[in-house]
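These protein sequence lines are chains P and Y, in that order.
So the first sequence is residues 11 to 171, counted in my numbering.
So the second sequence is residues 2 to 190, counted in my numbering.
Be aware that one or more of the hints could be misleading.
[Claimed, not checked] When the alpha-carbon atoms are kept at most 27 angstroms apart in a straight line, the in silico DSS-like pairs for lysine-lysine are as follows:
1) Y:LYS83 - Y:LYS120
2) P:LYS106 - Y:LYS116
3) Y:LYS83 - Y:LYS116
4) P:LYS145 - Y:LYS22
5) P:LYS33 - P:LYS23
6) P:LYS106 - P:LYS74
7) P:LYS74 - Y:LYS120
8) Y:LYS126 - Y:LYS113
9) Y:LYS22 - P:LYS143
10) Y:LYS120 - P:LYS33
[As the list claims (entries may be wrong)] Covered stretches of chain P (in silico footprint by chain Y; criterion: 3 or more residues with CB under 8 angstroms from a CB of chain Y, positions within the stretch not fixed):
11) 25-31
12) 115-128
13) 149-156
[As the list claims (entries may be wrong)] If you anchor each label on the Cβ, the simulated ranges turn out as follows:
14) P:LYS36 - Y:PHE5: 40 to 50 angstroms
15) P:TYR28 - Y:ILE30: 23 to 33 angstroms
16) P:SER48 - Y:GLY21: 27 to 37 angstroms
17) P:GLY140 - Y:SER32: 24 to 34 angstroms
By construction, these hints were calculated from the structure, which means they are not laboratory data.
The C-beta atom is built at its ideal place from N, Cα and C for all residues, glycine as well.
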Amino acid sequence: MFILIILIVSLVKKVDAYSAFLKGVKEGFLLFNDVFGSMLSMMFAINLLRISGILDLVAQIFSKGFLKIEPSLWAMMLFRPFSGTASMAVMIDIFKYLGVDSFSGIMASIIQGSTDTTLYVITLYFGCIGVKKIKNSMAIGLISDFVGITVAILLTFLFFS
Amino acid sequence: MTLFWCSMILSSLVFGMMTGKSELLSNAIVSVGSETLEFVLPLIAVTCFFNGIVEIAFQNGCIAWLERRMNPLLRFLLPDIKEDTETLGYVASNIVINMFGLGSAATPAGLKAIKGMQKHNPNPKTATRSMVTFLVLNTGGVTLFPTSILALRVAYGSSMPANFIPYAVIATLSASVAGLIVDRWWNHH
Numbered sequence: 011m012f013i014l015i016i017l018i019v020s021l022v023k024k025v026d027a028y029s030a031f032l033k034g035v036k037e038g039f040l041l042f043n044d045v046f047g048s049m050l051s052m053m054f055a056i057n058l059l060r061i062s063g064i065l066d067l068v069a070q071i072f073s074k075g076f077l078k079i080e081p082s083l084w085a086m087m088l089f090r091p092f093s094g095t096a097s098m099a100v101m102i103d104i105f106k107y108l109g110v111d112s113f114s115g116i117m118a119s120i121i122q123g124s125t126d127t128t129l130y131v132i133t134l135y136f137g138c139i140g141v142k143k144i145k146n147s148m149a150i151g152l153i154s155d156f157v158g159i160t161v162a163i164l165l166t167f168l169f170f171s
Numbered sequence: 002m003t004l005f006w007c008s009m010i011l012s013s014l015v016f017g018m019m020t021g022k023s024e025l026l027s028n029a030i031v032s033v034g035s036e037t038l039e040f041v042l043p044l045i046a047v048t049c050f051f052n053g054i055v056e057i058a059f060q061n062g063c064i065a066w067l068e069r070r071m072n073p074l075l076r077f078l079l080p081d082i083k084e085d086t087e088t089l090g091y092v093a094s095n096i097v098i099n100m101f102g103l104g105s106a107a108t109p110a111g112l113k114a115i116k117g118m119q120k121h122n123p124n125p126k127t128a129t130r131s132m133v134t135f136l137v138l139n140t141g142g143v144t145l146f147p148t149s150i151l152a153l154r155v156a157y158g159s160s161m162p163a164n165f166i167p168y169a170v171i172a173t174l175s176a177s178v179a180g181l182i183v184d185r186w187w188n189h190h
């Protein structure tokens, strides 16, 4: 739908859509360098955590204490504010072993989409301009993550169970 | 992050060996490389595709149009830089590109935006009001079209890959609104 609008606008405005597209694709591919390394390191760690049984152990404690959901979903929520790649790796793990259309698979997708990586954004942006006193931005970022994830869980329970 | 990563691996190895799973662990170590490549490739392919589309939207002025629509809202949210239209423009591009779920493509504009805010900062070591608000918006991550999750769901054979999007949008909007409310209440009360 929005691809259609974009193409029509470029025809009307006589913008070279084809070479713009190629340029964008080329830039997108450069991401491979950054993404593959961090993904591989996270997948490695998470695979080991899952196989060794630690993930289950930790998650069982959480499931007993709080909310009864799939152990890896707990891991995903704990990772989400700190590393988007880590939570994405857990999400893929869930897709693979529990099914992409399962209740857990859908909850994982919604959680992953509910917020951005607070810690990464704050370190990167404030690091770039050399601000040391970040006031309460970290706390507010984490509160907003918490709200996003909570809403994600509620919605999944409401509409998919 | 290093400490976190190493302790995850070390504790798994020790715990796994204690519970007699060393063979499973070494299998995982051998296969993790190709496994990762398997899902990174479709992800990159889709990201490239949407990056291309966004680049067209950039060159034909669609993004600029969206940015202008956001201007009044940004002036209200970031009152201390409302005279600086250039910086406001970067803030707007950052948010618009984030909406397409292309976080890493949005970063350059975001960095220019925060550098622009730093120019107005009387005390360069301390964050200003608009920096905090901008980062809250950013960490809330208003994503209206989560490209990478959609790509992964397709890659793992979902029969309804897009059905999570409305709920994710509600969740991400609540996260951002909650962040903005807390920010207003805490910092400007």
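For each hint, the structure was consulted:
A distance of roughly 13 angstroms separates the Cα atoms of LYS83 of chain Y and LYS120 of chain Y; the hinted pair therefore holds under the 27 angstroms criterion. The straight-line distance between the Cα atoms of LYS106 of chain P and LYS116 of chain Y is roughly 42 angstroms, outside the 27 angstroms bound, and the hint therefore fails. The hinted pair formed by LYS83 of chain Y and LYS116 of chain Y meets the criterion: a straight-line CA distance of about 15 angstroms does not exceed 27 angstroms. In summary, the hint linking LYS145 of chain P to LYS22 of chain Y is not supported, as the alpha carbons are separated by about 46 angstroms, beyond the 27 angstroms threshold.
A threshold of 27 angstroms between alpha carbons decides the hint, and for LYS33 of chain P with LYS23 of chain P the separation of about 19 angstroms falls inside it, so the pair holds. With a CA separation close to 25 angstroms, the supplied pair LYS106 of chain P and LYS74 of chain P stays within the 27 angstroms bound. Straight-line distance between C-alpha atoms of LYS74 of chain P and LYS120 of chain Y comes to about 51 angstroms, which puts the hinted pair past the 27 angstroms bound. A C-alpha spacing of about 17 angstroms is found between LYS126 of chain Y and LYS113 of chain Y, which places the hinted pair at or below 27 angstroms, so the restraint holds.
Simply put, LYS22 of chain Y and LYS143 of chain P have alpha-carbon atoms about 46 angstroms apart, too far for the 27 angstroms limit, and the pair is violated. Pair hint LYS120 of chain Y plus LYS33 of chain P does not hold up; C-alpha atoms about 32 angstroms apart against a cutoff of 27 angstroms. With 5 residues having a beta carbon nearer than 8 angstroms to a beta carbon of chain Y, the region 25-31 of chain P meets the requirement of three or more and the stated coverage holds. Judged by the Cβ-Cβ criterion of 8 angstroms, the region 115-128 of chain P is covered by chain Y as claimed, because 12 of its residues qualify and three suffice.
With 5 residues having a Cβ less than 8 angstroms from any Cβ of chain Y, the region 149-156 of chain P passes the three-residue criterion, so the hint holds. Separated by about 34 angstroms at the C-beta atoms, LYS36 of chain P and PHE5 of chain Y break the suggested range of 40 to 50 angstroms. The hinted range of 23 to 33 angstroms is not satisfied by TYR28 of chain P and ILE30 of chain Y, whose Cβ atoms lie roughly 45 angstroms apart. The hint said 27 to 37 angstroms for the Cβ distance between SER48 of chain P and GLY21 of chain Y, and at roughly 31 angstroms that hint holds.
Between GLY140 of chain P and SER32 of chain Y the C-beta distance comes to about 43 angstroms, which lies outside the given range of 24 to 34 angstroms.
In this structure, the hints that do not hold are numbers 2, 4, 7, 9, 10, 14, 15, 17, in rising order.
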